[in-house]
Amino acid sequence: MVVDHPYANLPPTAFWKSGVREARELTAGLYRPKVKIDASTRIMTAGSCFAQHISRALRRANLNLIETEYIRLPQLSEALLNRFGYGLYSARYGNIYTMRQLKQLIEEVGGDFYPKDIIWRASGRCYDALRPNVEPSGYTLPAHVTEMRAHHLRAVRKALAEVDILIFTLGLTEAWEHIPSGTVYPTAPGTIAGTYDPTIHRLRQFSAGEIAEDFLSVRNRIQSRRPDARFILTVSPVPLTATGTGEHVLLATHAAKAKLRTTAAELCETFDDVDYFPSYEIVTHPRLGPAAFEANMRSPTAEVIARVVRCFLGAHGLPLGQAAPPVLDDSDPADGICEEALLEAFVR
Amino acid sequence: MKVRLFIVGTSHAVAVRLAHERVMRRFPDLDVTYFAATAGLGFNLSVSADGVLSCPGASERDLARLKRINGASSVDLTPATHIWNIGSPFRFGVLQRLFRYYRVFGMGPTENHTVVSWAFTDEATDELVRMAVENLLEVYGPDQRLTVTPAPYPAAMSLKHGPCRDLPGVALGKLAYVDEIERSYESKIAASVESVPWRFLPQPAETRARAFLTKDEYLANMPATPLEAKDLRHMGADYGAILFEQYLTQIVGLKPVKKTAQA
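Sequence lines, in order, name chains A and B.
Going by this note's numbering, the first residue of the first sequence is number 54, and it counts up by one from there.
Going by this note's numbering, the first residue of the second sequence is number 9, and it counts up by one from there.
It cannot be assumed that every hint is accurate.
What the hints assert, rightly or not - Capping the alpha-carbon separation at 25 Å, the derived lysine to any residue pairs in SDA-like fashion look like this:
| id | chain 1 | residue 1 | chain 2 | residue 2 |
| --- | --- | --- | --- | --- |
| 1 | B | Lys182 | A | Tyr123 |
| 2 | A | Lys211 | B | Asn120 |
| 3 | A | Lys169 | B | Phe113 |
| 4 | B | Lys223 | A | Glu397 |
| 5 | B | Lys182 | A | Leu126 |
| 6 | B | Lys196 | A | Glu131 |
| 7 | B | Lys196 | A | Ser130 |
| 8 | B | Lys75 | A | Glu397 |
| 9 | A | Lys211 | B | Arg108 |
| 10 | B | Lys263 | B | Thr89 |
| 11 | B | Lys196 | A | Gln128 |
| 12 | A | Lys211 | B | Glu119 |
| 13 | B | Lys10 | A | Phe399 |
| 14 | A | Lys211 | B | His121 |
| 15 | B | Lys182 | A | Gln128 |
| 16 | A | Lys211 | B | Pro117 |
| 17 | B | Lys196 | B | Gln211 |
| 18 | A | Lys169 | B | Val123 |
| 19 | B | Lys196 | A | Pro189 |
| 20 | B | Lys196 | A | Leu133 |
| 21 | B | Lys75 | A | Leu396 |
| 22 | B | Lys182 | A | His204 |
| 23 | A | Lys211 | B | Tyr110 |
| 24 | B | Lys196 | A | Pro127 |
| 25 | A | Lys211 | B | Gly114 |
| 26 | B | Lys196 | A | Ala132 |
| 27 | B | Lys196 | A | Leu126 |
| 28 | A | Lys211 | B | Tyr109 |
| 29 | B | Lys196 | A | Thr193 |
| 30 | B | Lys196 | A | Arg136 |
| 31 | B | Lys196 | A | Ile124 |
| 32 | B | Lys196 | A | Arg125 |
If you are wondering where the hints come from, they were derived from the structure by calculation, not from laboratory data.
Could you build the full structure based on these sequences and the hints that come with them?
Next comes the structure, spelled out in structure tokens:
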């Protein structure tokens with residue numbers, strides 16, 4: 054069969070007009086999973102703050118989310134648990150903004166990397182510099198940081214031993230590093246805790262090549278124990294809060310997202326076990342424009358997050374879940390006994 | 009002015025009801041009305057704009073239960089000079105589970121439990137107490153006539169015997185830092201209740217065996233019921249009398265008449 058030109062038989066999604074401007078459903082055809090998820094798939098989640106939304110959606114959809122560091126008390130609010138790093142990801146590692154941070158964590162779990170300068174102080178309290186947000190008021194003693202970290206690493210090891218699919222949200226390309234050891238941190242020293250010392254701390258800007266290399270190291274380590282493990286990468290649509298590069302934050306944001314997106318695309322094209330989910334493209338879709346973000350022009354709105362979640366679950370043929378209603382639990386399991394006592398005393 | 013006291017609450021109000029005659033002999037200038045519901049039903053209670061405590065939306069069956077217990081399915085609180093709520097559990101069951109399944113780091117052996125920080129358990133306790141107070145507030149509103157007394161803790165023997173032995177409270181009772189947990193829990197209840205502002209009357213000190221446990225002698229069904237059938241949570245008239253007297257002297261400001269040989 055002879056065709057006029059190579060675009061003649063392409064689907065409507067290949068064209069801006071039909072695929073974007075006039076598409077009936079904004080996310081139609083955006084995500085065709087090559088890595089499939091079903092109810093039995095054991096999923097590990099990690100990544101930058103946007104990953105929390107994906108994680109929460111998977112939990113509400115009753116998927117088989119790996120959780121090895123958790124609190125199972127439905128009477129406590131999600132907000133409280135999240136504030137202490139519970140119920141956000143598979144373990145209590147907090148936000149992992151860079152691929153280097155993830156690589157470092159997995160190497161630490163395997164005993165092949167020993168992070169340095171990880172006890173940061175603020176107002177007389179001690180913080181785990183590699184996850185300073187999970188214990189909002191820190192610990193009393195430095196030893197508490199290391200011992201709690203040892204518990205945490207056991208939980209991460211357990212999660213890695215179970216994983217079928219790792220969903221990782223790439224957030225940043227820059228991170229602060231402890232120069233002598235190469236330890237990278239999720240936050241800058243001196244912000245939440247710690248002290249910034251330019252002689253031992255520096256800003257690292259990771260190239261697309263370095264990010265890809267770090268990912269391949271992560272993939273190798275996970276697949277050495279779980280050969281069939283697969284990976285879904287996403288890019289956070291949330292702009293940078295700040296950049297340490299000296300660039301304008303808008304330029305730094307676009308440069309970072311471009312690098313992350315390029316890396317994800319190339320990895321996805323190269324490996325059958327690596328897939329890409331376009332949360333970045335959905336949130337920054339031209340038809341949504343500024344309406345996709347809250348007034349701070351940074352946080353995606355609840356509505357657009359719901360759209361991302363629907364696209365992800367829908368593509369896998371999975372139902373949307375709902376937030377569990379709060380459990381009151383002041384009722385007595387033995388109300389029968391109570392009623393008996395009441396009747397005996399009151400009915401005279 | 010005659011004190012018109014309305015005692016409302018759960019099945020734990022029974023202890024006070026059982027002590028009624030005994031207490032009235034020492035505080036004769038007192039008019040008491042009782043109205044109680046099981047804890048589960050208590051969630052649906054509310055006080056209307058004209059001051060009537062009832063259970064709107066309750067099923068016919070539940071209304072019948074209220075009538076059977078109280079002789080009516082509602083009570084008008086308007087004439088009350090004082091209202092005393094007895095027996096709210098203040099999420100004690102959840103607190104027990106928190107400390108049963110999770111061990112606080114740096115406060116003793118953690119065995120094979122998931123380890124949590126004291127800061128986390130402290131905020132969790134705070135949240136549980138706050139939710140319990142909010143539930144009471146939904147029922148009564150910020151009525152300054154109200155005093156709150158939580159349910160008594162289970163009898164000490166529940167650590168070893170009876171239907172309570174499988175409850176998480178057993179694990180709680182064995183923790184080395186149980187006193188600190190109790191102090192934190194009760195101070196949060198007091199602060200939260202008093203911030204409404206209502207008044208708070210805790211379980212009397214002399215009735216306590218140790219943290220989170222009541223002396224066995226105050227059980228409602230001692231010693232007649234066989235051990236395996238005992239209800240180890242509800243206290244009897246002796247407990248009720250002590251609590252009632254403390255309420256009348258400390259909260260209402262009454263003085264008992266001189267004790268007689270029979271009293």
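Assess, step by step, whether the Cα of Lys182/B is no farther than 25 Å from the Cα of Leu126/A, and give holds or violated. 21 Å, holds
Need the status of pair Lys182/B, Tyr123/A: alpha-carbon distance at most 25 Å? 23 Å, holds
Has the given pair, Lys211/A with Tyr109/B, been kept, meaning a C-alpha gap of at most 25 Å? 19 Å, holds
Mind checking the alpha carbons of Lys10/B and Phe399/A for me, to see if they're no more than 25 Å apart? Roughly 23 Å separates the two Cα atoms, so the pair holds.
Check the hint pairing Lys211/A with Pro117/B against an upper bound of 25 Å on the C-alpha distance. 22 Å, holds
Holds or violated: Lys211/A to Glu119/B, with C-alpha atoms at most 25 Å apart: Since the Cα atoms of Lys211/A and Glu119/B sit roughly 18 Å apart, the hinted pair holds (cutoff 25 Å).
Decide if the proposed pair is consistent with the structure: Lys196/B and Pro127/A, CA atoms, cutoff 25 Å inclusive. Within the cut-off at roughly 21 Å; holds.
Quickly compare the C-alpha distance for Lys196/B and Ile124/A to 25 Å and report which way the hint goes. Since the Cα atoms of Lys196/B and Ile124/A sit roughly 22 Å apart, the hinted pair holds (cutoff 25 Å).
Checking one constraint from the list: CA of Lys169/A to CA of Phe113/B, max 25 Å. Satisfied? Distance ~23 Å between Lys169/A and Phe113/B Cα, so the pair holds.
Assess, step by step, whether the Cα of Lys211/A is no farther than 25 Å from the Cα of Arg108/B, and give holds or violated. 22 Å, holds
Is the Cα-Cα distance between Lys196/B and Pro189/A 25 Å or less? Since the Cα atoms of Lys196/B and Pro189/A sit roughly 20 Å apart, the hinted pair holds (cutoff 25 Å).
Straight-line Cα separation of Lys182/B and Gln128/A no greater than 25 Å? Within the cut-off at roughly 23 Å; holds.
Going through the hint list in order, the structure satisfies each hint without exception.
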